[in-house]
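So the sequence lines, in the order shown, correspond to chains D and C.
Per my numbering, the first sequence starts with residue 1, numbered consecutively.
Per my numbering, the second sequence starts with residue 1001, numbered consecutively.
One or more hints might be untrue.
Covered stretches of chain C (chain D as the covering partner; in silico rule of three or more C-beta atoms under 8 Å from a C-beta of chain D) [claimed, not checked]:
1. 1056 to 1064
2. 1080 to 1090
If you anchor each label on the Cβ, the simulated ranges turn out as follows [what the hints assert, rightly or not]:
3. C:D1143 <-> D:A171: 50 to 60 Å
4. D:D160 <-> C:G1038: 23 to 33 Å
5. D:D181 <-> C:H1130: 26 to 36 Å
6. C:F1107 <-> D:E154: 50 to 60 Å
7. C:F1140 <-> D:L124: 55 to 65 Å
8. C:R1144 <-> D:R191: 23 to 33 Å
9. C:T1103 <-> D:A172: 49 to 59 Å
Because the hints were derived from the structure by calculation, they are not lab data.
Using N, Cα and C, we set each Cβ at its ideal position, and we do this for glycine too.
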Amino acid sequence: MSEPRNTKIMNRFDLTRRLVGKLAHEEAVVAGIGNTNFDLWAAGRRKQNFYMLGSMGLAVPIALGVALAQPRRQIVALEGDGSLLMQLGALATVAMLRPKNLTIIVMDNCVYQITGGQPTATALAADVAAIARGAGLSQSLWAVDEEDFERLVERALAEDGPWLIAARIDAAPAVATTERDPARIRDRFMRGLGVRA
Amino acid sequence: MGEPWHEIMREVLKRNDVRLVTYVPDNVLRPLIDGLGGDPFFTAFATTREEEALGIVAGAWMGGMRGVVLMQTSGFATLANVLASLAVPFQIPVLMVVSERGTLGEFNLGQALVCRTMRPILDAIGIESHTITRLDELAFITDRSIKQAVATQSSAALILSPLLTGGKVFAE
Chain D
1 MSEPRNTKIM NRFDLTRRLV GKLAHEEAVV AGIGNTNFDL WAAGRRKQNF YMLGSMGLAV
61 PIALGVALAQ PRRQIVALEG DGSLLMQLGA LATVAMLRPK NLTIIVMDNC VYQITGGQPT
121 ATALAADVAA IARGAGLSQS LWAVDEEDFE RLVERALAED GPWLIAARID AAPAVATTER
181 DPARIRDRFM RGLGVRA
Chain C
1001 MGEPWHEIMR EVLKRNDVRL VTYVPDNVLR PLIDGLGGDP FFTAFATTRE EEALGIVAGA
1061 WMGGMRGVVL MQTSGFATLA NVLASLAVPF QIPVLMVVSE RGTLGEFNLG QALVCRTMRP
1121 ILDAIGIESH TITRLDELAF ITDRSIKQAV ATQSSAALIL SPLLTGGKVF AE
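Using the sequences and the hints given, assemble the complete structure.
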């Protein structure tokens, strides 16, 4: 169980591409606002991706809802540190329900990047994985480096969850911007999940 | 006496295949929460905030499962942003049941004030709402509101008046 200060500072787009590269079974990915979902968009078009536009902090609850509705599909919530801090109670709810098919990935760059780089509480004190463990998510780990991140993702997709994987990332901007058409995003996602033909 | 309001509502939810129930507890809603929690048809649990409850139901809808969010008036007041940025623009039909406090004998000034924000917020973002005051109208309004929400991919709010539920009264 490594601590955040001993982990390599990685890159969000690179990690997102590595995550997407591990998704072979139409796993759903729910990505939080801003750079988190911009880099998911840039990592390749997948029908099973949901891109939030607003509702900061709700990636984990939305992913939990999908996980409850589709227990045989693996669901990934992609969230930033600022967004996660806004809705910490959601971690306790996930821990209470223990969905086997939910993995939370937190990209922690210690700043509110999209609003000008103001430090978040993780810059000085808060430890995302420790908070999650305290909320009851015992399988909460820091990824030490890129290879470790890939191993943890493989394990989370193969073994019973819930999981939380935290990764320290740099402050590089996202490499693209998600198309902002909410009805289309939602409709494509529902078709990707087989809810609509 | 016929069936109480909470049993009628539970039956109408079931009839419309609304299986997921997320809530922030409320004393007036307690018999409904107890009834849903004790019925294996439903998956019912408390969340830490109303926003979270709404996000879960929104996600479940996209995954093919219908849900409902239960809350009281003051909880609704925390939802303007997520209704305006998630439920409405993404056209996700989130069904909300709100136990109305702040009127008809309210004893807490804060509840009375926050109650006045509810209908203007619903109207401003174009969410249809019905205030249910009568037992004989409860099943019809609930059933038709669920069907319309699903058919039009629009959220709906059912406000349970103290005239229906008895509300919360000041303990002398």
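Hint check:
no.: 1; hint: 1056 to 1064; verdict: holds (count 9)
no.: 2; hint: 1080 to 1090; verdict: holds (count 7)
no.: 3; hint: C:D1143 <-> D:A171: 50 to 60 Å; verdict: holds, 52 Å
no.: 4; hint: D:D160 <-> C:G1038: 23 to 33 Å; verdict: holds, 28 Å
no.: 5; hint: D:D181 <-> C:H1130: 26 to 36 Å; verdict: holds, 31 Å
no.: 6; hint: C:F1107 <-> D:E154: 50 to 60 Å; verdict: holds, 57 Å
no.: 7; hint: C:F1140 <-> D:L124: 55 to 65 Å; verdict: holds, 56 Å
no.: 8; hint: C:R1144 <-> D:R191: 23 to 33 Å; verdict: holds, 28 Å
no.: 9; hint: C:T1103 <-> D:A172: 49 to 59 Å; verdict: holds, 52 Å
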